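Enquirer: Each chain, letter by letter, is given below.
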Amino acid sequence: NAGVTQTPKFQVLKTGQSMTLQCAQDMNHEYMSWYRQDPGMGLRLIHYSVGAGITDQGEVPNGYNVSRSTTEDFPLRLLSAAPSQTSVYFCASSYSIGPGQPQHFGDGTRLSIL
Amino acid sequence: GIQVEQSPPDLILQEGANSTLRCNFSDSVNNLQWFHQNPWGQLINLFYIPSGTKQNGRLSATTVATERYSLLYISSSQTTDSGVYFCAVGGSAGGTSYGKLTFGQGTILTVHP
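Those sequence lines, one after another, are chains D and A. Counting from 1 along the first sequence, just add 1 to a position and that's the residue number in this note's numbering. Counting from 1 along the second sequence, just add 31 to a position and that's the residue number in this note's numbering.
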């Protein structure tokens with residue numbers, strides 16, 4: 002049981018490039034989300050999804066795009082990378098959004114924008 | 032939006048000592064979780080505890096929802112307890128807000144041998 006798998010683990014981009022961070026879970030979880038963590042700070046929610054075909058914005062959605070075509074996968078797209086998007090990105094999932102559902106996190110993707 | 036404050040920001044202990052970490056939040060919540068981020072950056076879910084008390088080995092947590100705070104207790108600390116402890120809350124607006132966690136800034140715990 003792999004849990005939440007994020008790829009790549011590290012990535013360096015140039016300003017203006019685009020890329021997709023991958024997130025996959027094998028726990029049949031309905032709820033998935035993306036967070037970013039900046040130095041000395043807690044995590045901030047970027048986008049989330051309550052099921053296939055349903056996505057919504059979190060606290061810091063600008064510059065990011067998501068889609069949820071399957072239950073297992075929730076990719077995060079950077080449309081035109083900016084240095085302010087240098088961060089560690091975490092994907093999380095839980096069985097549902099209801100009470101009693103702990104969230105499980107992937108190991109993160111460390112992204113540097115030059 | 033909801034505000035989450037954690038204290039203390041830093042904590043240094045000798046192995047074997049006990050500690051209490053606190054999380055205050057500004058609105059009623061239906062989702063409160065404690066996480067440990069280890070030195071390798073991995074986030075481990077410790078407790079889902081929107082109210083009441085839970086224990087797991089040397090760790091326990093108590094949330095007093097009516098007074099809007101939660102406490103994480105670590106007893107007989109070990110060097111492997113080092114890392115950052117985050118409190119995260121959600122669910123104040125009902126519906127999909129359950130899963131939209133707002134994180135505190137964390138408590139950095141260092142346990143020396």
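No lab work stands behind these hints: they were computed from the structure. Each hint should be verified, as a subset may be incorrect.
[What the hints assert, rightly or not] Now the in silico label distances, taken between C-beta atoms and shown as ranges: (1) A/Gly-72 x D/Met-20: 42 to 52 Å; (2) A/Ser-106 x D/Asp-57: 32 to 42 Å; (3) A/Ser-106 x D/Leu-115: 21 to 31 Å; (4) D/Ser-97 x A/Trp-71: 21 to 31 Å.
[Unchecked claim] Covered by chain D, according to a simulated footprint, are these stretches of chain A (three or more residues, beta-carbon under 8 Å): (5) 83 to 96; (6) 135 to 143.
None of the values given here were measured: they were computed from a predicted structure. Using N, Cα and C, we set each Cβ at its ideal position, and we do this for glycine too.
Enquirer: Give a verdict on every hint.
Expert: Evaluation of the provided hints:
1. At about 20 Å, the CB distance of A/Gly-72 to D/Met-20 disagrees with the hint of 42 to 52 Å.
2. Remark: the range hint 32 to 42 Å for A/Ser-106 to D/Asp-57 is upheld by a beta-carbon distance near 40 Å.
3. At about 46 Å, the CB distance of A/Ser-106 to D/Leu-115 disagrees with the hint of 21 to 31 Å.
4. Checked against the hint of 21 to 31 Å, the pair D/Ser-97 and A/Trp-71 passes, with Cβ atoms roughly 29 Å apart.
5. With a threshold of 8 Å between beta carbons, the proposed coverage of the stretch 83 to 96 of chain A by chain D is violated, since 0 of its residues qualify and at least three are required.
6. Remark: the stretch 135 to 143 of chain A is confirmed as covered by chain D, as 3 of its residues place a Cβ nearer than 8 Å to a Cβ of that chain, reaching the required three.
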